[in-house]
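Student: Turn these sequences into a full structure, and let the hints guide you.
In order, the protein sequences belong to chains A and B. Note that my numbering has the first sequence beginning at 1, numbered continuously upward. Note that my numbering has the second sequence beginning at 1, numbered continuously upward.
Please keep in mind that the hints were generated in silico from the structure rather than gathered at the bench. Incorrect hints may appear among the rest.
What the hints assert, rightly or not - No more than 20 Å apart at the CA atoms, straight line, and that leaves these computed lysine to aspartate or glutamate pairs for EDC-like:
no., chain 1, residue 1, chain 2, residue 2
1, A, K51, B, E54
2, B, K138, B, E124
3, A, K121, B, E55
4, A, K121, B, E168
5, B, K21, B, E55
6, B, K112, A, E216
7, B, K71, A, E125
8, B, K102, A, E125
9, A, K52, B, E176
10, B, K162, A, E125
11, A, K121, B, E54
12, A, K121, A, E110
13, B, K110, A, E125
Unchecked claim - Negatives, chain A to chain B, calculated, CB over 10 Å:
no., residue
14, Y62
15, Q136
16, T205
In this text, a Cβ means the ideal position worked out from N, Cα and C, and glycines have one as well.
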Amino acid sequence: MDSQFQFDWQAAINSIPYLAKGIPYTLMISFGGLVIGFVLGIIFGLLSINKKWYLRWPATAYIEIFRGTPILVQVLFIFYGLPDLIGGPIDPITAGIAAIALNSGAYISEVVRGGVQSIDKGQSEAGLSLGLSRTQTFWSIIWPQAFRRMIPPLGNQGIVSIKDTSLFSVIGVGELVRQGQVYIANTFTAFEVYFVVAIMYLAITLSLSLILRLLERRGVASA
Amino acid sequence: MSQIVKIKGMNKYFGKLHVLKDIDLTVEQGEVVVIIGASGSGKSTLIRCVNGLEEYERGALEVDGFGLAPKGGNQKSLAEIRKEVGMVFQQFNLFPHLTVRKNIMLAPMKVKNTSEVVAKATAERLLERVGIGNQADKFPTQLSGGQQQRVAIARALAMEPKLMLFDEPTSALDPEMIGEVLDVMRELAKEGMTMMVVTHEMGFAREVADRVIYIHEGQIVEEGKPDDVFDNPQNERTQAFLSRVLAH
Ligand SMILES: Nc1ncnc2c1ncn2[C@@H]1O[C@H](COP(=O)(O)OP(=O)(O)O)[C@@H](O)[C@H]1O
Ligand SMILES: [Mg+2]
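Tutor: Pasting the structure below:
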């Protein structure tokens with residue numbers, strides 16, 4: 001087969017303004033989902049290492065369920081399944097944010113658990129022996145050290161979740177991929193458009209990596 | 001003189017392992033008690049029971065009038081006890097994310113609501129006292145082991161404890177740094193601090209201790225003035241242990 005294909009730069013450039021309309025959705029769903037996911041991760045991560053089994057078990061169940069099922073199934077379940085239960089529609093953006101939150105929350109729980117457990121037992125013993133309560137010991141001694149160690153894996157999860165939002169084109173969220181699909185339907189320039197879409201994802205994830213690297217360096221400088 | 005620590009018939013288990021066996025021990029205010037014994041004999045466990053870092057199964061414990069019941073019993077006074085008892089660990093356990101000054105300020109501010117200004121002044125005075133007044137802005141890892149351990153002592157002193165526990169405070173140090181830490185402890189003893197010290201530094205024990213206790217497999221088998229214990233041990237276990245450590 002003799003392909004006459006030529007990359008059409010003009011088509012690529014022309015597509016940018018339309019595709020860029022998807023960026024705010026991609027960012028909003030990622031950011032909103034990750035912020036909630038972080039809160040869930042702290043709550044369930046800490047519950048998962050609690051001594052009391054009736055706190056530990058539900059947390060472990062949540063983590064295993066959301067790590068063990070595909071996020072695509074999760075979002076379909078939330079968008080198409082949950083309305084039956086709650087008796088009203090859920091808008092696609094809310095469904096997307098919820099899926100990222102619940103999914104990243106499960107992974108972040110594991111990050112939190114690992115981070116906290118990696119801190120030497122001597123640290124909490126020192127805190128307790130000074131008269132600090134368990135809560136004080138945790139938040140002023142253990143957590144700051146654990147959090148510093150959590151930054152790289154949290155960054156990882158951030159990147160994964162940003163990319164996961166691309167799946168939400170299936171429920172009609174006007175994020176990057178969806179914008180691309182609509183644009184291609186009219187112009188038949190799939191190669192160029194997906195190329196631009198990929199570059200846009202890369203720009204977002206690389207920015208995040210850069211921010212995290214700066215954060216980490218600042219952390220190292222003061223440790 | 002009043003008794004700061006009263007231990008009666010204390011028994012402690014780690015699972016099936018009987019670690020402390022019928023320990024009876026009282027410590028008078030101002031007294032320096034040095035605890036010696038082979039590795040694994042229960043020295044750390046004993047002093048860790050005093051500030052509740054370990055729970056015990058049977059017996060009774062009272063620290064400065066506050067009773068701390070065995071496991072499952074009344075632990076209400078634990079917070080009070082910990083406020084009054086300082087502890088220095090073999091591995092220093094300084095807080096690596098805080099400067100030396102903040103390491104010392106943390107507990108007074110959190111536990112006693114001491115103002116930042118006062119806590120800071122206290123930290124600086126204590127650092128001066130342990131001979132490292134110029135290191136306050138550094139982070140722990142930027143200090144030598146001996147300096148770190150002196151910060152750890154200052155950190156404990158900032159809570160104005162009535163009793164200080166030392167668990168092998170010089171065992172993790174390079175030989176040339178042991179002296180500077182023992183000097184600080186010697187000063188502390190001279191100023192009248194009540195101390196329970198687990199150590200293998202027999203010279204220090206002989207010089208500073210009011211009483212030496214030898215523990216063997218979770219039991220106190222010998223107890224007395226340092227000169228008596230070191231020069232004329234009554235128990236053959238003590239004799240064997242001392243001839244081993246003093247040979248070095
Ligand atoms: N957290 C623990 N769990 C189980 N066994 C322990 C624990 N801590 C200490 N032990 C055991 O208890 C015994 C006494 O330990 P320890 O008090 O640390 O001895 P020492 O300080 O005299 O070396 C040892 O046999 C030790 O292995
Ligand atoms: Mg020990």
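Student: Of the numbered hints stated previously, which ones are contradicted by the structure, given in increasing order?
Tutor: Violated: hints 6, 9 and 15.
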